[in-house]
Amino acid sequence: MFKITVKGIFTHRLRFALTALAVCLGVTLVAGTLVLSGSITRTFDAIVEQTAAGTDVQVRGAQLETTAVDGSKQREPLPLSLEKKIEAVDGVARVAPDMSGTAILVNKDGTATRNGGAPNLGFGYDPDDPTIRITSGRAPEKKGEVLVDESTLELAGLAVGDTTKALIQNDPQNVTITGVFTFGSSLAGATLVLLDEQTAEATWAPDGEVPSFTIGADDGVSQETLRDRIAQVVPAGTEVVTGDVVYQEQKDSFGTAIGFITTFLLVFALIAVFVGAFIIANTFSMLVAQRTRELALLRAVGASRGQVLRVVLGEAAILGLTGSVVGLGLGILLAAGLQAVVKQSGLEITGGLPVTVSTVVVSLLIGLVVTMLSAIFPALRASRVAPIAALRDDAQTPPGGVLRRGIIGLVLVLAGFATILPGSLGDKPQWALVGVGAALLLIGLLVAAPWLTRPVVRLIGIPYTALYGTVGRLARENALRNPRRTATTASALMIGLALMSSVGVFASSANASVSDIVDSELTADYVLSSGGFTMIPTTVADEVTTMQGVTSVATIRSAPVQLADGSVFAIAADPRAMTENVKLDVVAGSLDSIDAGDVVVSRTAADDRGWKVGDTLTAEVGTRKNQSLTVGGIIDDSQALNNPNMIVPLDLYAKTVPAAQQGDFLLYVKSDGTNTAALRSQLEDVVKPFLVVSVQDGDEFADAQAAQINSLLYLIYALLALSVLIAVLGIINTLALSVFERTREIGLLRAVGMSRRQLRRMISAESVSTAVFGAVLGMALGLVLGLVLQRALVSQGLETLSIPWLTLAIVLVSSALAGMVAAIIPAWRAVRLDVLKAITAD
Amino acid sequence: MGAEAIARAIDLEKVYGQGEAQVKALRGVSVDFGRGEMTAIMGPSGSGKSTLMHCMAALDRPTGGDVEIDGVPVRGLKDKALTQLRRDRLGFIFQSFNLVPTLTARENITLPVDIAGRKVDQEWFDRVVDTVGLRDRLSHRPTELSGGQQQRVACARALVSRPAIVFADEPTGNLDSRASAEILSFLQNSVKEFGQSIVIVTHDPVAAGYADRVLFLADGEIVDEMVDPTADKVLERMRGFDATGRRS
Numbered sequence: 001m002f003k004i005t006v007k008g009i010f011t012h013r014l015r016f017a018l019t020a021l022a023v024c025l026g027v028t029l030v031a032g033t034l035v036l037s038g039s040i041t042r043t044f045d046a047i048v049e050q051t052a053a054g055t056d057v058q059v060r061g062a063q064l065e066t067t068a069v070d071g072s073k074q075r076e077p078l079p080l081s082l083e084k085k086i087e088a089v090d091g092v093a094r095v096a097p098d099m100s101g102t103a104i105l106v107n108k109d110g111t112a113t114r115n116g117g118a119p120n121l122g123f124g125y126d127p128d129d130p131t132i133r134i135t136s137g138r139a140p141e142k143k144g145e146v147l148v149d150e151s152t153l154e155l156a157g158l159a160v161g162d163t164t165k166a167l168i169q170n171d172p173q174n175v176t177i178t179g180v181f182t183f184g185s186s187l188a189g190a191t192l193v194l195l196d197e198q199t200a201e202a203t204w205a206p207d208g209e210v211p212s213f214t215i216g217a218d219d220g221v222s223q224e225t226l227r228d229r230i231a232q233v234v235p236a237g238t239e240v241v242t243g244d245v246v247y248q249e250q251k252d253s254f255g256t257a258i259g260f261i262t263t264f265l266l267v268f269a270l271i272a273v274f275v276g277a278f279i280i281a282n283t284f285s286m287l288v289a290q291r292t293r294e295l296a297l298l299r300a301v302g303a304s305r306g307q308v309l310r311v312v313l314g315e316a317a318i319l320g321l322t323g324s325v326v327g328l329g330l331g332i333l334l335a336a337g338l339q340a341v342v343k344q345s346g347l348e349i350t351g352g353l354p355v356t357v358s359t360v361v362v363s364l365l366i367g368l369v370v371t372m373l374s375a376i377f378p379a380l381r382a383s384r385v386a387p388i389a390a391l392r393d394d395a396q397t398p399p400g401g402v403l404r405r406g407i408i409g410l411v412l413v414l415a416g417f418a419t420i421l422p423g424s425l426g427d428k429p430q431w432a433l434v435g436v437g438a439a440l441l442l443i444g445l446l447v448a449a450p451w452l453t454r455p456v457v458r459l460i461g462i463p464y465t466a467l468y469g470t471v472g473r474l475a476r477e478n479a480l481r482n483p484r485r486t487a488t489t490a491s492a493l494m495i496g497l498a499l500m501s502s503v504g505v506f507a508s509s510a511n512a513s514v515s516d517i518v519d520s521e522l523t524a525d526y527v528l529s530s531g532g533f534t535m536i537p538t539t540v541a542d543e544v545t546t547m548q549g550v551t552s553v554a555t556i557r558s559a560p561v562q563l564a565d566g567s568v569f570a571i572a573a574d575p576r577a578m579t580e581n582v583k584l585d586v587v588a589g590s591l592d593s594i595d596a597g598d599v600v601v602s603r604t605a606a607d608d609r610g611w612k613v614g615d616t617l618t619a620e621v622g623t624r625k626n627q628s629l630t631v632g633g634i635i636d637d638s639q640a641l642n643n644p645n646m647i648v649p650l651d652l653y654a655k656t657v658p659a660a661q662q663g664d665f666l667l668y669v670k671s672d673g674t675n676t677a678a679l680r681s682q683l684e685d686v687v688k689p690f691l692v693v694s695v696q697d698g699d700e701f702a703d704a705q706a707a708q709i710n711s712l713l714y715l716i717y718a719l720l721a722l723s724v725l726i727a728v729l730g731i732i733n734t735l736a737l738s739v740f741e742r743t744r745e746i747g748l749l750r751a752v753g754m755s756r757r758q759l760r761r762m763i764s765a766e767s768v769s770t771a772v773f774g775a776v777l778g779m780a781l782g783l784v785l786g787l788v789l790q791r792a793l794v795s796q797g798l799e800t801l802s803i804p805w806l807t808l809a810i811v812l813v814s815s816a817l818a819g820m821v822a823a824i825i826p827a828w829r830a831v832r833l834d835v836l837k838a839i840t841a842d
Numbered sequence: 001m002g003a004e005a006i007a008r009a010i011d012l013e014k015v016y017g018q019g020e021a022q023v024k025a026l027r028g029v030s031v032d033f034g035r036g037e038m039t040a041i042m043g044p045s046g047s048g049k050s051t052l053m054h055c056m057a058a059l060d061r062p063t064g065g066d067v068e069i070d071g072v073p074v075r076g077l078k079d080k081a082l083t084q085l086r087r088d089r090l091g092f093i094f095q096s097f098n099l100v101p102t103l104t105a106r107e108n109i110t111l112p113v114d115i116a117g118r119k120v121d122q123e124w125f126d127r128v129v130d131t132v133g134l135r136d137r138l139s140h141r142p143t144e145l146s147g148g149q150q151q152r153v154a155c156a157r158a159l160v161s162r163p164a165i166v167f168a169d170e171p172t173g174n175l176d177s178r179a180s181a182e183i184l185s186f187l188q189n190s191v192k193e194f195g196q197s198i199v200i201v202t203h204d205p206v207a208a209g210y211a212d213r214v215l216f217l218a219d220g221e222i223v224d225e226m227v228d229p230t231a232d233k234v235l236e237r238m239r240g241f242d243a244t245g246r247r248s
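Which chain is which? The protein sequence lines are A and B, in order.
Anchor point for the first sequence: position 601 equals 601 in full-length UniProt numbering, and the numbering is continuous, going up by one each time.
Anchor point for the second sequence: position 177 equals 177 in full-length UniProt numbering, and the numbering is continuous, going up by one each time.
Just chain A, with the same shape it has in the complex (with noise of 0.2 Å):
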C-alpha cells in the first residue's frame, strides 16, 4: 500500500506541493520564532556572561518592592565606606562600587549616539575589572574624559582623542574621548561610556550610597567561601551573594522578557498554522472526490477500509513531513534575515542561529500533526467510498445540504453574542466571556459559512456579471457549484482578516481616545518630555519657569510606589501647578491635600483597591519602607497625565527617591499666550543639551502617543499578513484543483468559443469571489470583536469608538486584488489546455 500512497503523491504533485508549501509557511514561522528566541537568549546570556565574569561576590542592599526606572528591583543603598571593610576581608581581589546611571554621547551630527530604545549606559571603569580591556588609548583620568566601547564609537562616528559633548546623568558637559574599549560580548543595541572613579563617584553617588559592591576573589578561594567570610564584617539585611547566583538571576531576568517576545510571535506562528490547516482539510478533501473511482477500485480490488485510511493518512504524512522539513530549513533562514534587519537598528544578535533538539522536535511535531488531524476527516471518507462506486460514471457525488450547518453554525453565533454582551457590556469586563463568546462566534461563522455562500457571493457576484455577462455568471456559478469548498477556501482567508480589522477598530479607537481626551483634557500649550530610559533632569523646570510669558510650569515625576499586594503608577507633581496644565476632575477629598502631605488616588485604582478618603496605607516609596500615605481625594483617571494610579507630594519624592535617580518625566509648560512661537524656540533652546528631550505641542504630544499604538499595530499587520498569504495559497490551490475537475468543461467552452481572455476572466472572477467572500465574514466578524474590545475597555480610557473605514476598504480591495493575484496560475493553466485534449479527458 506504501507503493501506492507514494504514487498518488507524484501523480498529484503540483497541488500536494502547494499544499505542502501552505504547512511550510506555517512551520517557517514557528521554528523561525524558536531559532530567532534561542538566538536571542544566546546573545543577553552572552552578555550576562560577560558581566558576571568579574564578579564572584556581590554584596548588595536589601532587595525592595519598589521598580526603578530602569525596570529592576530597588535596593536599600549602602554606604560607600563598606568597601574598605570588604577590602580587609581575607582573599578579596578587588571591590568596585557599583556606580552607573545614563550617559548620551553626543554623534559627530551633533544628535544623540543611540539605537532606538536601547539604554545608554554609564559606569565607572575600575582597571581591575576583567571584563574591560583597553584597546586603544588610554582611561581616563579626570572629570571630561570618557571611555567608550568599540560599537559605541562606531555608532558616533567619532574616535579616540575626538572632543564632544555628553549628557552624563542629566548633566551636559564637554567630554574627550580617551579610549575606546572592547566588552567581550555583544550589547545588544546599548551605548557604553565609562568615567573615571571620582567622576563616577560624584556623578552617581552624590550621597556616598551604591546600590551594591562588585568582588573579585583571590585565585584559590572559592566564590563561596569568599561570600561567607565577607557575611562575617557586613551590616545585618545586606545580601551577600555568589557570582553563580547574579548570572543566573540576570539571566532569568532576561528570559523573561525574551519569553514574552516568543510568546507573542509564537502566537502569530500559530494562527499561520491553523490557517494553514484550513488549506490542507480542504486540498485532501477535493483529492478525496475526485478520486473516489480510484479508491473504490482499491476496495473492489479486496483492499479493506483500514487501508485505504492508511493510503490517504500515508499522503498527509509524507505531505506534513516534506512541508516541515522544508519549514524548518526556512525558519532558520528567516531568523537570519530577521536578525539582519534588526541589525540595521543597531540591535545586533551574535547568538547565531542555534537550532535545538527540541526546536526542531516541536517545528516537525507541529507541522505533521496540524496536517494529519487536517486530513483525518478526508481520510475517513474516502475509507467509506462502497466499492461500487468504481462502477459508476459521476463518481464525483454532489454535496449535500448546508442548511444543517447554518442552523448551528447560527446558533454558535447566537450563543457567542449572548456570553460576548454580558461580559464587555458591563462595569467591569470579565475577560473569560470575552475570549468563551469570540471564539464561539470565530466558530459559528466557519460551521456557517458555507450556508452564507449563496447569498453572500451571489450579492459580490452583481458587478462582475452586470460587466461580463455570461462569463460573471459562469464565474459566479462556479463559485457557488461546491459552497462547502468556497466557504473553506474563504474561511482561511477570514480569520487573518477578522484579526486584522479587530485589531485595527482596537487601535484606531486608542488613538481616537488618546487624542480626544488629551484634547479636551490639556490646558498646558507645550509638553516636555523624554524618550527611553532618560529622564529631564531638574533643572530644566527651574530655567523653564523664568522664562518670558511662562504662567505656570509643572513637573512630573514618576514615585517608585509598592503596596503590600503590589506596585502602582505614581507620580510626584505639585497640584496648583497641574490643574494649571491639566483639568482634573476631583471626584471626592481634594486636590490640595497634597500641600498637606496625603496622597490622591485614581477612581479606577480606587475602585479595585476599595480606597476612600480618609483610608491609611502602608506602602514602600522608592528607597524607604513603610511610609503611611492617607487617602486624600479621588480624582477621575487622566489620560494627559499618563494614567496614574496615584499621585503624591514632590517633597516625599525628594526624601525617597535618590538623587541620581530624580528627574521629570513630563514636564507641563503654560505659556500667557502672547508669543507662543518665541516660547516654543526658547524652550527647544533650553533642552537641546539634553538630546532626547523634546517640545511638543498638544497636537504633537497626542500624535506622538498615537505613534506609540500605531507602531505596534504596523507590527502586528505584518505578522498577520503571514497568515493571509497562506491562504491566498489555499485560493490558489483550490482553484488549480477546480480547474483541474472542469478539464472537460473547459475544453467545452473554449470549443464554442470562449476566448482565451473570457476563460481568464471568468477563473479570475470566481477567485475574487472567494477572496471577497472571506474578507466579508472576516471584516464583520472582526468589527464586532473590534467593538465589543472598546465597550470592554471604555472605563480603562477607550471611551471613543472610531472605526478605520479606509483601512477596511483598503483591506477589501486588497482582498479583491489578492484573488486576482491567486487566479493567475490556476487560469495560465486552464487557457493552456488543448482544446480537443480537455474535451476528450476523462
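These are calculated hints, taken from the structure and not from any lab test.
Note that this is a predicted model, so its numbers are computed, not measured.
Certain hints may be false.
Claimed, not checked - Chain B stretches covered by chain A per the calculated footprint, using a threshold of three residues with CB under 8 Å from any CB of chain A: (1) 20 to 33; (2) 69 to 83.
Unchecked claim - Under the rule of at most 20 Å between Cα atoms (straight-line distance), these lysine-lysine pairs were calculated in the PhoX-like manner: (3) A:837 <-> B:78; (4) B:80 <-> A:837; (5) A:108 <-> A:84; (6) B:192 <-> A:837.
Here a beta-carbon is modelled for each residue, glycine too, at the ideal position from N, C-alpha and C.
Dock chain B against the given chain A, drawing on the hints supplied.
What follows is chain B alone, placed relative to chain A:
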C-alpha cells in the same frame, strides 16, 4: 458533389508521435463537404474519422495539407482567430458532456451567442427550440434532463448561432435507439428546412443512413463514398470492408 463546397480538406495529413511510435492517422485526405448537405464519416475504430473531423473543425492542427471553412483557409490562424472561427462559423455536438452543468438549458443554448457578446435572434431561437421540442425544459439544468434531452439542447446550441457548418462527433453514441432517431431526424430536418451544412462522425450504419452522403475511411484514407445511403446499404458496405480485413 453537385452543391458548392462549404468546407474542404486538401491533401490533409496527420501524424501522431515520432520515430518507431509514429502513427499516420490521416494519409493525404482530400474531400469537399457540400453546402446544405449532411455528410457522414464512417469507418472502423482507428480509421482516422475522428481525426478528420477534429482537423476540419479547427480543434486539431493537421501535420500537412489545408482546411478551408466557408472559403477561409484555417492554416496559420492564431488561437484568437481560431476561437472566433469556432464561435461564429462552427457548431459542435459531442458524444457526451456537451453542456455546462451550472447553466440552464436556455443559457446553454445561447452560450456561443452570449460569449460573443451578441444579441440572441429571438425569432430564430424560438424556431430552433420548437424544432427540437425543448420549449418546456428551458429553465432546467442539465442534471434535470435525460440524455436525449441533453443532446437536443446541444443540437439547439450548435444551430442557434447560425454557423456555416455543424460538426457532430458520435452525437448518438450514448443514446438509446429512440432518442437517437429523434436527434438524427432533427439534424436531417435542419438540413432540409434551414439549409444547414452538417458533418457527422459515426460508426452506426443507421445514423449514416440519415445522411446525404457517406464517406468511408480506413487507415487514414478515404476508401469509398456513397450518395443517398440507407442503413442497409451502409451496413452491406461495411461488411465488405471487414471481410477484406481492412482493420490493422
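Exercise for review: Hints the structure violates: just list their numbers, smallest first.
Suggested key: Per hint list: 1, 5 and 6 violated.
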